[in-house]
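In order, the protein sequence lines correspond to chains A and B. For the first sequence, position 456 matches number 456 in our numbering, and the numbering has no gaps at all. For the second sequence, position 215 matches number 215 in our numbering, and the numbering has no gaps at all.
Worth flagging that the hints you see were computed from the coordinates, not collected in a lab. Honestly, I wouldn't trust all of these hints.
What the hints assert, rightly or not - Computed footprint of chain A on chain B; a stretch qualifies when at least three of its residues, placed anywhere within it, have a C-beta under 8 Å from a C-beta of chain A:
id: 1; region: 218-231
id: 2; region: 303-310
What the hints assert, rightly or not - Heads up, simulated DSS-like pairs for lysine-lysine below, C-alpha to C-alpha not over 27 Å straight-line:
id: 3; chain 1: B; residue 1: Lys230; chain 2: A; residue 2: Lys390
id: 4; chain 1: A; residue 1: Lys380; chain 2: B; residue 2: Lys254
id: 5; chain 1: A; residue 1: Lys148; chain 2: A; residue 2: Lys79
id: 6; chain 1: B; residue 1: Lys230; chain 2: A; residue 2: Lys398
id: 7; chain 1: A; residue 1: Lys380; chain 2: B; residue 2: Lys253
id: 8; chain 1: A; residue 1: Lys87; chain 2: B; residue 2: Lys49
id: 9; chain 1: A; residue 1: Lys390; chain 2: B; residue 2: Lys92
id: 10; chain 1: B; residue 1: Lys359; chain 2: A; residue 2: Lys228
id: 11; chain 1: A; residue 1: Lys381; chain 2: B; residue 2: Lys254
id: 12; chain 1: A; residue 1: Lys102; chain 2: B; residue 2: Lys16
id: 13; chain 1: A; residue 1: Lys381; chain 2: B; residue 2: Lys253
id: 14; chain 1: A; residue 1: Lys383; chain 2: B; residue 2: Lys254
Idealized CB from N, CA, C, for every residue including glycine.
Here are the chains, one letter per residue:
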Amino acid sequence: MDEAKQSAPVQKEDVPAIRLAHITKRFGSVVANDDVSLSVRHGEILSVLGENGSGKTTLMNIIAGIYYPDHGQVFVDGKEVVIRSPKDAFRYQIGMVHQHFKLVDVFSATENIVLGLEDEGRFSLRKAAKRVREISEQYGFDLDPDKKIYEMSVSEKQTVEIIKVLYRGADILILDEPTAVLTPQETEKLFTILRRMRDSGKAIIIITHKLHEVLSLSDEVAVLCKGKYVGTVQTAETNESALTEMMVGKKVTLDIDRSEPKDPVDRLTVEDITCRNREGTELLRHVSFTARSGEILGIAGIAGSGQRELLEAIAGLQHVNGKILYHNPKTGQVDDLRDKSPLEIRELGVRLSFVPEDRLGMGLVGNMDIVDNIMLRSYKKGKSVFLERKNPRSLAEKIIKDLEVATPSANTPVRRLSGGNVQKVLVGREIAASPTVLMAAYPVRGLDINASFTIYNLLNQQKENGVAVIFVGEDLDVLLALCDRIMVISSGSISGIVDARTATKEEVGLLMTKNSADAYAHTAAEGGDA
Amino acid sequence: MAQTQTTKEPLFHIAKRDSIVWWKAWGIRTAAILIALIVSGLVSFLLTKENPLRIYATMIDGAFGTKRRIWGLVQELAMLLCVSLAVTPAFKMRFWNIGAEGQVLIGGLASAACMILFGESIPSPLLLLIMIIASVAAGAIWALIPAFFRANWQTNETLFTLMMNYIAIQLVSFFVYKWSVPKGSGQVGVINRTSHAGWLPSLGGHDYLLNIIIVLLITVAMYVYLKYSKQGYEITVVGESENTARYIGIPVKKVILRTMLISGAVCGMAGLLLIAGTDHTISRDSAGGRGFTAIMVSWLAKFNPVYMILTSFLIVFLEKGATEISTAFGLNASFSEIITGIIIFFIIGCEFFIQYTVKFREKEAAK
Numbered sequence: 001m002d003e004a005k006q007s008a009p010v011q012k013e014d015v016p017a018i019r020l021a022h023i024t025k026r027f028g029s030v031v032a033n034d035d036v037s038l039s040v041r042h043g044e045i046l047s048v049l050g051e052n053g054s055g056k057t058t059l060m061n062i063i064a065g066i067y068y069p070d071h072g073q074v075f076v077d078g079k080e081v082v083i084r085s086p087k088d089a090f091r092y093q094i095g096m097v098h099q100h101f102k103l104v105d106v107f108s109a110t111e112n113i114v115l116g117l118e119d120e121g122r123f124s125l126r127k128a129a130k131r132v133r134e135i136s137e138q139y140g141f142d143l144d145p146d147k148k149i150y151e152m153s154v155s156e157k158q159t160v161e162i163i164k165v166l167y168r169g170a171d172i173l174i175l176d177e178p179t180a181v182l183t184p185q186e187t188e189k190l191f192t193i194l195r196r197m198r199d200s201g202k203a204i205i206i207i208t209h210k211l212h213e214v215l216s217l218s219d220e221v222a223v224l225c226k227g228k229y230v231g232t233v234q235t236a237e238t239n240e241s242a243l244t245e246m247m248v249g250k251k252v253t254l255d256i257d258r259s260e261p262k263d264p265v266d267r268l269t270v271e272d273i274t275c276r277n278r279e280g281t282e283l284l285r286h287v288s289f290t291a292r293s294g295e296i297l298g299i300a301g302i303a304g305s306g307q308r309e310l311l312e313a314i315a316g317l318q319h320v321n322g323k324i325l326y327h328n329p330k331t332g333q334v335d336d337l338r339d340k341s342p343l344e345i346r347e348l349g350v351r352l353s354f355v356p357e358d359r360l361g362m363g364l365v366g367n368m369d370i371v372d373n374i375m376l377r378s379y380k381k382g383k384s385v386f387l388e389r390k391n392p393r394s395l396a397e398k399i400i401k402d403l404e405v406a407t408p409s410a411n412t413p414v415r416r417l418s419g420g421n422v423q424k425v426l427v428g429r430e431i432a433a434s435p436t437v438l439m440a441a442y443p444v445r446g447l448d449i450n451a452s453f454t455i456y457n458l459l460n461q462q463k464e465n466g467v468a469v470i471f472v473g474e475d476l477d478v479l480l481a482l483c484d485r486i487m488v489i490s491s492g493s494i495s496g497i498v499d500a501r502t503a504t505k506e507e508v509g510l511l512m513t514k515n516s517a518d519a520y521a522h523t524a525a526e527g528g529d530a
Numbered sequence: 001m002a003q004t005q006t007t008k009e010p011l012f013h014i015a016k017r018d019s020i021v022w023w024k025a026w027g028i029r030t031a032a033i034l035i036a037l038i039v040s041g042l043v044s045f046l047l048t049k050e051n052p053l054r055i056y057a058t059m060i061d062g063a064f065g066t067k068r069r070i071w072g073l074v075q076e077l078a079m080l081l082c083v084s085l086a087v088t089p090a091f092k093m094r095f096w097n098i099g100a101e102g103q104v105l106i107g108g109l110a111s112a113a114c115m116i117l118f119g120e121s122i123p124s125p126l127l128l129l130i131m132i133i134a135s136v137a138a139g140a141i142w143a144l145i146p147a148f149f150r151a152n153w154q155t156n157e158t159l160f161t162l163m164m165n166y167i168a169i170q171l172v173s174f175f176v177y178k179w180s181v182p183k184g185s186g187q188v189g190v191i192n193r194t195s196h197a198g199w200l201p202s203l204g205g206h207d208y209l210l211n212i213i214i215v216l217l218i219t220v221a222m223y224v225y226l227k228y229s230k231q232g233y234e235i236t237v238v239g240e241s242e243n244t245a246r247y248i249g250i251p252v253k254k255v256i257l258r259t260m261l262i263s264g265a266v267c268g269m270a271g272l273l274l275i276a277g278t279d280h281t282i283s284r285d286s287a288g289g290r291g292f293t294a295i296m297v298s299w300l301a302k303f304n305p306v307y308m309i310l311t312s313f314l315i316v317f318l319e320k321g322a323t324e325i326s327t328a329f330g331l332n333a334s335f336s337e338i339i340t341g342i343i344i345f346f347i348i349g350c351e352f353f354i355q356y357t358v359k360f361r362e363k364e365a366a367k
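Extracted from the complex, chain B is given alone in its bound form (with noise of 0.2 Å):
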């Protein structure tokens, strides 16, 4: 005992706030992000030495820079929110749907497969009808597998929805293997190229358009379900507490399946829209990753879908910013994923100091 240690209080120690007045809670936010900038304006300073300020414009010239390119920023963040949507009523519930990937590429896959097979034979708003209806079946049976595991042995639906991804990415290589143009090139190509059999219309001259405006109502239709409607209530009482579910007398097994149906079609959706909406053609990177980044997206946005379109802005933003810098100024691709990751890193990390607050060591007072 006999420790005559000059132990100091702490410098300081982290306490949880209660609650945060909305303006401070953004203006943490924006401080975040000034602060992301600076850093990463240092970091390329220091990595190529060029003028950080230059490299920002350039990022926002490579979002902004032209007509074409704000469409192509506008049809990603419709993309990626459309995959984002698609697995919030699944993380809502708790359940952990990382195989968006894989449903939104068997989607994909199944109206590849319509465009390819019917395209001579059948008129296309038919053939458009049946391929919707087919890629949306697919992605729900896609994701309805491991919930149909999951609600009735407990399996883990976290390892299950992955492994799911590698089948779909598999599926698709044989495919892609099988359809390729020429014979054996492993590639498909533009799918109906003259025909345009299958292709979603194009709206007033514009490409994307259709796309764009499908997400906007998937994003309204689901914000309406999750917050308004019976069954999105009972999403959010299975995800908090399946206890308080059974004891209300909530069919868990049901809504646990009736919700990864609801997801895998979304995902489906997402897939058509790829194909037929942007790509018209099919590989086993069709879906580019975005099954995931929707996670991030997701929860980024703590599952709002209306905040949803503000993260997925953000992220497709960097995306496109960072590709321009490495063409710009030469510097290779790894360089513009060290600015998103710095960016992404504050972004998430500020949500630290909303939830909590850091309490320093206050000045000995004079007794």
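With the rest of the complex left out, here is chain A (with noise of 0.2 Å):
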């Protein structure tokens, strides 16, 4: 393994640091991966683009021996290589960085880079952190191999993560999606990295599905479509509509209509809600605002702000301090939400939906069908014992026509759909409750470029509606063209609403990490996961 990690990476340009021939990989009958070939050369970054579901995912397991290829072969400078383990993996120099991170939190940086790690001779903390530390320089990233994980940023965790792979003498590493969790100088400041990394002769893939990325980092890019490979393309060659046609098979607009807000009047005013968690920590601070109806209000936040307490508290679902008034159209009164719970807020006459950000975990059941899920909102209705399947099915019938949910039947476990037809259903269903409020969180998460329009276009014509609807996203360009305003959450506490037609993405980045170093003493002895 030691001698590897010298031999000059330059002399290899030609042979392709990693070669993937006809891969194939089934899930019983779904085809992953459906003979795909690409390469990757040392001092190269490549990009793998494409939909969710498109198996990029897969492949990169399979390259970090996680899975196990049905056909195809592996070559590393250019000999055939055979991976059935993670441990194989990284004996061919191959490190991947997951999407979620594998951390231990009470162990210190050092401790979980040389987690796992067999060395010869006696082990030794402090010989490990120097080399941890040496690493940081030589390519940049800033981190303290004494601090423990829970003390840890997300961009800090994932800086372990990368160490993590080169401490172990990566020479191709595999990111999988690295900046969903980041903000958009953060990703700035981890694209400065990788570029060194590259120009050190490293061979880099990079998975992501966001397309101005790939065009500012990779050197070129392999576009998966279904599992298929559908080709190569040199970076400096293409650009985003070319990128987007080669990923979904056909050409897409990528604009989102935007109407202006039709007389809007509030509907829902938050005042100074301040929510703790069982320790005491303040996960929300002082919030107020007001989302009114007919106008989408956007909510832009590194993950974990706050944005799901906020929306939970409003659901009934969290308990809080300060006020949650619901403005009833009907009858014109005001009520206080604030810990009633959701059956007491549909009896209140509060036409309340929310898309929630764990939609098996929480907005379905995973085992059940798509009937029974779509009866969750409705199945007390009636004052029989027994249920009433019939007006549901109709109604989950309707909702797989009208958004086009793929699926055998609607006696489907939703577990067996794919995540943009399980967020179709989710969506359907509150939808269905005609709510004069609509939450929705991170609902484009994981989702494909068509199944993500689809979602918009509903949001967009509940705001017609006179809904209001208020939307939480991760995507700065979604949110920006989507929305009328914004309110941006940092560390627990609103740090600014602007308006959504006017705010650049660099006003949003800002406000996203502003008071975080004052916030950051709150969070610290909680672990700034929220």
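Fit the two chains together into the complex; they arrive one by one in their own frames, and the hints show the way.
Structure follows, in structure tokens:
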């Protein structure tokens, strides 16, 4: 393992660092990868682009030894290899940074980095820390080797993951959607480091579905579509719309129609709410805002800044201090929803729909079929002790038809559906309740472009019907294109509310990290994880 | 890197099936039972030098050989099924009620107490009514205690219900000693031997028929309750995801309490059927481990009450047959347990092959 580390990568220029030939992988009847071939050279960054479910992660997991392909070969430096486990992958100097971090919270950075390594001789944590520091300096990471994971921000945790694979001598790096959890500023910093690694001769594969990142970072782009390999293009010779076309297989317009709000009135006023977790740490601090009818209010912020608590507080799932006032359009009454259960809220005549972030863990029940999931909102109707499945069934069939849910039947368990179709069922159900307030947390996360646009259109329709829409998003481009106003949340407090028609990405990005320094003191004790 | 290892593709790897046609699934199950029979035949031949076919014949004879044996089998099946039905709503709610043993026992204790204390003074129909109320209530209370603590303070229900078993056993021991006939013998003996006060009446001359009918009714009721009632739906939602239940506004605490109440009540009923309908006596072994076997029955049937008839039949058949082997061939009881163990191992194990498929290395494709 050691002597290979020093081998000069420059001489290998023309032999691909890693080459995949005709890789096929099936899960049951689903073909995740169908005859995929691609290659990366040393000193090159390859983006693997594709919609969700196109097989990017499966492909990378094959390289990293987590899955074993049904057919096809893998070549490292021109030699055919068999990678049966992550250990094998490390032996061929392949390191993967997963989308979900795999770190031990109570360990320090160094301890996590050396975890599982079998070194010869006596192990010295001090020596390891020194090596970690060297790697950090070499590539320009900013990391304290002795800091505990629970004290770290998301981007620091990612740094630990990257250094972990470098420490093991990885020469071929795979990053699975590394920017999903980062602010624009952090993303830029990461890209600088990745470019530096490329220049030092590493081969880098990055999975992403953000087109502008592909264009700014990579040398080549390999595009997958529904498990099939579409082709590889030079980044310099392509553009966003050409890539989208390759990805989706047809031309799509990337514009979101945004109408002017029609006579907006205040629908939901949140006044000074504060929320603590069990340890007493404040997750929301003095949050106040108003959502108006016929308007989409966007909520931007780094993941885990209190978005979830905010929406759950409004939906009656989280205890808070303060006031949540609902202006009933029918009766003209104003009700305080604070600390009311979802049932009590519904009994007040408040038509509040909520598309939670955790679709299968909260919004739906994975093992139940579509009909039973549609029934969740309405099963209690009527006096009978028995369930009435006729109306839910026809509603389910209507949703399947209207939203083009791809499913064998209405009796299919929702966990069998793909992410986009799961979301269509959930959003369809929530909209069917003809809400006056619709809250959606990351409704397009993990969805492909077509499904995303279906959701945007649904939200827009609701807005035009006079619904007060609250949209928590992560892609700033989308937030800026879809919303009327954007509220930025940073470490549990509102750092600003901007007009989405005039604001810029940089402005919002800055607000996302604003006063995070003093907020850090609050979250540090709690681990930064909400 | 210079390792020129001759690493080959692994010999086989395991992949999840996303669905399986019903006949394939049943084919796998049938194959599993056949293999189980072959293996246990081999084992018994090696251990006892007896002809395996004769052993199996003896098993079948032990279960179905005489009219009396068939009645015994069906009665035993009904008792096990009753306890299995009782634990099912709790399991569906992902509430690990392993306290059915205690809940049955305490229900049985309640009916025995009624029989002993009021047997002389209260007319039989009224006595039976009191016994039903007492035993159902006792079982329900025994289940509600852990449910209450779990619902309010998130205590571990597995440990709690398990501990409640021991309390029930000790309580029964205490009363058995107190009521023992003759005093100090440590045995209650047949209660109301002559008056038959508090005994479940026999229908058409069959002692167990009433038990069996009652359990059948409970089976149908439980099936309908779980599948078609709003409460059954709530149980499923709470079991699958408490978060979803909260999100939708299902009162989780209430559902936990209500479901355990039902679970305990049916256990109490099973206790009544055992004491008043079958044994007419009580001892600390009255529940006979059914509270634990029921867990297996319920899981094997994937919580479907109708399938549970099949799975409890299987278990009871094996028990009866295996006991017969031990006596017929003069082997000790452990031998029959070995056979039962082998067969159950294969039956449970085959579910893996229904969920997953094994892919073997393909022959090197010619290039």
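Worksheet item: Is the Cα-Cα distance between A/Lys102 and B/Lys16 27 Å or less?
Response: Given that 27 Å is the threshold and the Cα spacing comes to 24 Å, the pair holds.
Worksheet item: In terms of beta carbon proximity below 8 Å, does the region 303-310 of chain B have 3 or more residues touching chain A?
Response: violated (count 0)
Fill in: Annotated coverage of the region 218-231 of chain B by chain A, confirmed only when three residues or more have a Cβ within 8 Å
It holds: at least three residues are needed, and the region 218-231 of chain B offers 4 whose Cβ sits within less than 8 Å of chain A.
Practice prompt. Sort out whether A/Lys228 lies within 27 Å of B/Lys359, counting only the CA atoms.
Written response: Holds, at roughly 23 Å.
Worksheet item: Straight-line Cα separation of A/Lys390 and B/Lys92 no greater than 27 Å?
Response: OK: A/Lys390 and B/Lys92 at ~24 Å, within 27 Å.
Fill in: 27 Å limit on alpha-carbon distance, applied to hinted pair A/Lys381 and B/Lys254
holds (19 Å)
Worksheet item: Taking only the CA atoms, is the gap from B/Lys230 to A/Lys398 under or equal to 27 Å?
Response: holds (23 Å)
Fill in: Restraint status (C-alpha distance of B/Lys230 to A/Lys390 at most 27 Å)
holds (14 Å)
Practice prompt. Quickly compare the C-alpha distance for A/Lys381 and B/Lys253 to 27 Å and report which way the hint goes.
Written response: At roughly 21 Å apart (the allowed maximum being 27 Å), B/Lys253 and A/Lys381 satisfy the hint.
Discussion item. Does B/Lys254 sit within 27 Å of A/Lys380, going by the straight-line distance between their CA atoms?
Written reply: holds (15 Å)
Discussion item. Between the alpha carbons of A/Lys380 and B/Lys253, is the straight-line distance 27 Å or under?
Written reply: holds (17 Å)
Worksheet entry | 27 Å Cα cutoff - pair A/Lys148, A/Lys79 | violated (40 Å)
Comparing the model with each numbered hint stated earlier shows that hints 2, 5 and 8 do not hold.
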